[in-house]
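If you use UniProt numbering, the sequence shown corresponds to residues 1 to 275, in order.
By construction, these hints were calculated from the structure, which means they are not laboratory data. Keep in mind that a hint or two might mislead.
Unchecked claim - Only pairs whose alpha carbons sit at most 25 Å apart, straight line, appear in this in silico SDA-like list of lysine to any residue: (1) 211 - 137; (2) 137 - 270; (3) 211 - 118; (4) 155 - 118; (5) 235 - 270; (6) 243 - 44; (7) 264 - 46; (8) 204 - 150; (9) 165 - 79; (10) 166 - 188; (11) 136 - 151; (12) 243 - 118.
Claimed, not checked - Simulated DEER-style distance windows between Cβ atoms: (13) 227 - 165: 24 to 32 Å; (14) 165 - 87: 30 to 38 Å; (15) 76 - 155: 24 to 32 Å.
Just so you know, even glycine gets a beta-carbon here, dropped at the ideal spot from N, CA and C.
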Amino acid sequence: MSFKGQYKDVLSSFSIQHKCSPYFGTWNCRGSQVFTTAAEYIADENLAHVYTPDLRGHGDYAARRGDIDYLGQHDDDLMELIDKIKSTHGDTKLIMGGHSAGGGTSLRMLTHKYDQYISGYLLLAPFVHFMAPIMKKSKGETESNNKAHMGTMIKLMIFNGFWMKKWNHQTVLSVNHIESDNPSKLNFLSYRLFMSRLPRNYKKSLRSIKKPTLVLVGDKDEEFEHTAYEPLFSKHTQGARVKTIDNATHDGLLSNADSFEAIKEWIADMKEKDI
Numbered sequence: 001m002s003f004k005g006q007y008k009d010v011l012s013s014f015s016i017q018h019k020c021s022p023y024f025g026t027w028n029c030r031g032s033q034v035f036t037t038a039a040e041y042i043a044d045e046n047l048a049h050v051y052t053p054d055l056r057g058h059g060d061y062a063a064r065r066g067d068i069d070y071l072g073q074h075d076d077d078l079m080e081l082i083d084k085i086k087s088t089h090g091d092t093k094l095i096m097g098g099h100s101a102g103g104g105t106s107l108r109m110l111t112h113k114y115d116q117y118i119s120g121y122l123l124l125a126p127f128v129h130f131m132a133p134i135m136k137k138s139k140g141e142t143e144s145n146n147k148a149h150m151g152t153m154i155k156l157m158i159f160n161g162f163w164m165k166k167w168n169h170q171t172v173l174s175v176n177h178i179e180s181d182n183p184s185k186l187n188f189l190s191y192r193l194f195m196s197r198l199p200r201n202y203k204k205s206l207r208s209i210k211k212p213t214l215v216l217v218g219d220k221d222e223e224f225e226h227t228a229y230e231p232l233f234s235k236h237t238q239g240a241r242v243k244t245i246d247n248a249t250h251d252g253l254l255s256n257a258d259s260f261e262a263i264k265e266w267i268a269d270m271k272e273k274d275i
């Protein structure tokens, strides 16, 4: 399906049908194809009707891959998608999910007015923030091929503190994945896109978790420090359940049978409690 985003641009969203589940999920990843296996499992198990949007700047139909018009535009696009889901399916329960930077995008919603329409959050190896303790402490500890341009990042953060946004198109992350590992088809991320995929204040977002929230991370995660998630979420919120998945890499988490079982149990628990 397609939906009108901010400025009425046509954006794409992959929809996987359910049978009779009252739950609807919108999952944010690097591109809608990333979540296909997990989305099909969730739908086939009748856990939820799943929407996996290609966020603006990602995927085959992006007008400008790696860039958006302004910081926070994804928030507005997701509001449009939520409105589309609610108008199509009526009064239903919505789970917001995300993998990696999609988890960061989901965390942004916790301090957004549209949080009132969300019944729960599913965060898969979420990129909480580059200032959060989930980051690997040294380059030698990570196998990531991405290159962050921290000098440019810090400079633009300072500029934006003074409402100077003229240079927000500049690249702050170079993406070096091989094509098969890069379904979003990105070679770079601009400052305004990169920062749109992180909570404005990650500690405030975590403290805002009041609804059922499941956090999954693999013990073989190459991007983030998996042991940091449980103490981080425990410190700032009492509403999140953190589970480590054995033998799961960062992307492998999305096709791991133990991940699927944890998601199934979590949604079943929400249904039982009528959340």
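Checked hints:
no.	hint	in the structure
1	211 - 137	violated (31 Å)
2	137 - 270	violated (36 Å)
3	211 - 118	holds (8 Å)
4	155 - 118	violated (35 Å)
5	235 - 270	holds (23 Å)
6	243 - 44	holds (23 Å)
7	264 - 46	holds (10 Å)
8	204 - 150	holds (23 Å)
9	165 - 79	holds (23 Å)
10	166 - 188	holds (18 Å)
11	136 - 151	holds (18 Å)
12	243 - 118	holds (21 Å)
13	227 - 165: 24 to 32 Å	violated (37 Å)
14	165 - 87: 30 to 38 Å	holds (33 Å)
15	76 - 155: 24 to 32 Å	holds (26 Å)
Hints 1, 2, 4 and 13, counting from the list given before, are not met by this structure.
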